[in-house]
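Engineer: Residues per chain are reported as follows:
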Amino acid sequence: MSEQLTLYLHKVSPFSQKIQLALAEANAPYRAYQVNLRNKPEWFTSKLNPVGQVPVLTYGGPNVNPEDPSSLSAKIVESNVILEFLADLYPNSGLLPKDPVLRAKVRFFIDATMKHVEGTYLAFVQGNESFDNVLKAIEFIQELLEEGRNFAVGDHYTIADACISPHLARLKIVTETDIGNFPAGMGYRLGEELEGPRFAKFKKYAQRMLDRPGFQQTHDEEAIIGYFKRRFTNRIQ
Amino acid sequence: MSEQLTLYLHKLSPYSLKIELALIEANAPYKSYQVDFQNKPEWFAGKVNPAGKVPAVTYGGPNVEPDDPSPLSAKIAESNVILEFVADLYPDSGLLPKDLVLRAKVRFFIDATTKHIEGPCYAFFQGKEPYDNILKGIEFIQELLEEGRDFAVGDHYTIADACISPQFEALKIITKTDIGKFPVGMGYKLGEELKGPKFAKFMKYAQRMLDRPSLKQTYDEEFAITFFKTRFTERVQ
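From first to last, the protein sequence lines are chains U and X.
To convert, take the position in the first sequence, counting from 1, and add 720; that gives the numbering used here.
To convert, take the position in the second sequence, counting from 1, and add 3; that gives the numbering used here.
Bound conformation, chain X alone (with noise of 0.2 Å):
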């Protein structure tokens, strides 16, 4: 019998769905519970993740409710150390290649996310910084895209997929809707700057992970843009 796997999370956070999405393509089971921010239970930090930050994973240990942690569970955090993590859980499942070049790739793949679209989207939409390095950010990232091919790297959903398409949902939302903390109608005019001709790679990659069973199954767009309309109401001048 396998080893159980419990991942705390929370919906809106970029940084768990980017683990929901690789155990859902992997068809890995788990168990998931959602920490409430607004309210912490005082033993998630004690109990699974000191840092108190969300994906954390427990794993292995008794079967046991997840809102009462095993001392005996490995206890597992940071994104990209978890989707390495679900990688070597699965070996099979794609979710890295086998081919030690194309593995390479996919990690390079990750650091150029975590660098140049992760940091500037968070700026952007933070109110901080305007969109500038988020265009160069996707300019670096479109480089790396073969035309013709569906995934990142190779030809099979990897954690390099997994790993940017939350920042996808993010910019769909930021571009729909103009919410943020940036000024009023940065979020209109990113959108407008993103159909041009120059991203039509990037956006047609960014489409095809958006229009995943994976993505759709996990990620409550209107729920996101409910919650994020009565967070973000200052904004930037």
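Just chain U, with the same shape it has in the complex (with noise of 0.2 Å):
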């Protein structure tokens, strides 16, 4: 018999939904326990993650109540080594390749992601800088996109889609609803930037991610939209 798996996530974090996305991309089963971020037990932060957030994987151990958490689990967090945990799990799924200059490919992938996308969407939506660097590290990350390929790397769903499908779907809110603390217009704005020929791979890419059923049964926009709308109020002018 297979150990347990339960993911301690929330549905508005992007980082929750990575992990969500391989294992629903792997097949895998998994328990999944919403955490109140607002409110939190003091159990998750004892047991599980003393810096509170999440996601938090817990492994193996006795089959528990989630608010109950065994001490016998492995907890594992941050959510690019839990990427590469499951990847590891699940070695015949494809989240990672089989050849080793490939799977460098997807690591670059993932660490392109964090360096160039995670920062600058950030910055845009938080006020602090114009929407420049984020096309610059969408121009980027196009140049990692293959002609004709389906997926960030090889012809499978990896870790690397999984890492960066969440930015691409909170990116098309902001781009579609405008809401954030920067200036009235810039969201909509960086959306017919977005639109041009220049970012078409982009655009291709972004939208087969988010057409994925993996990724409709783990996104919930209404409760996305409703946390933006309450943590962007001090808008730019």
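Hint data in this document are derived by calculation from the structure and do not stem from the laboratory.
Be a bit skeptical, because a hint or two may be false.
Interface residues of chain X toward chain U, partial, derived using beta-carbon atoms under 7 Å [claimed, not checked]: (1) Ala-77; (2) Ile-79; (3) Glu-87; (4) Leu-92; (5) Asp-114; (6) Phe-231.
Note that CB positions come from ideal geometry on N, CA and C, so glycine has one too.
Two independent chains are provided; combine them into the complex using the hints.
Structural biologist: Put into structure tokens, the structure is as follows:
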């Protein structure tokens, strides 16, 4: 019998969603537990993650109620560490290719997503920077995408696709709703730029990722929009 | 016959050093080429790493001179991506354990090194921040080290040890010579702090890493000190 897997998550957290996507694509059985981040249960910080963040994965140990985690399970934190763990747990799922060079390409793509996309997107949405760096980041990612291929790397869904997809979804929401702390209209403007021929390859890839059933099942657009509306209330003039 | 591996490096780059350590500990044959950053060869960005940085690796393809890289080799950049690549090439070297949970521990340690040690050390060295975050980072890392164990994770040298060891060399030089852009004397003060009982476990681990033949054979401390002395002459007041 295989070991238990429990994912502590929050439905608006892009880092949690990365893990849900990988699990869905690997057809992996797991329990999901949504943590109330505004009113964190004491057992979450004391038994699972002192830093108090999601996602957290527990692996192994006895089958317990998620609210009563066992000291015998392994606790894994940091979304990219969890992604690699799942790829190890499901070596034939395609989450990581078998070839070392392709594996390196997956990791480089993940590194590029962290370094270029996450920071620039956040800086823009928080009103700290214009969207120029977001566009540069997207160009960098686009360079890595091969023409005619459906996935970030190789011919199969990998943890690279899982890593970037939640950010693609949030970028889309920002361009469609203009919600954010940037000056009014800048979200729409970013959307217009992304419609241009310059970003056609990226747009096609992003749409493919958002169309995947695994994505649709784990994406709660209402909840994310609600969260953005609550969080981004200080527009820069 | 196994594929060629060429490491483009610089002797003063802690990121290059990570890779040298992993290769030496795995007994892996490789060619190395030092990139002269005062006089960067024009072929380097075009043929090896578009970002123009070290470390960068070429793998496979024909056996050519390092200064004449072949388009047929795979090109891999980003130090932590390269560490995983080397671990993939040498699966029985111990660079990554076989056990999945221990592999996750190695990756978490690497993530912690990047976030809590590399960043703060660089910022302090450049005179941008006091050393408080270095001490916090060291406490974080120290919590991960198990009493009585010789390595970061498990019973064998892993890419976690390779990842953090260059920072020990940097800290050693800073605290021994006070060289850096920080205000005069702050390097010595950091050294005093690190001698305290609070950091004993960390310092023991650091010394074990500094004593390893792999580090001694590849790092020229005197050369580094001479170079940094000439380069870091401006100080923050």
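Engineer: Give a verdict on every hint.
Structural biologist: Going through the hints against the structure:
no.	hint	result
1	Ala-77	4 Å, holds
2	Ile-79	5 Å, holds
3	Glu-87	6 Å, holds
4	Leu-92	6 Å, holds
5	Asp-114	5 Å, holds
6	Phe-231	27 Å, violated
In summary, the structure is inconsistent with hint 6 from the numbered list given earlier, while agreeing with all the others.
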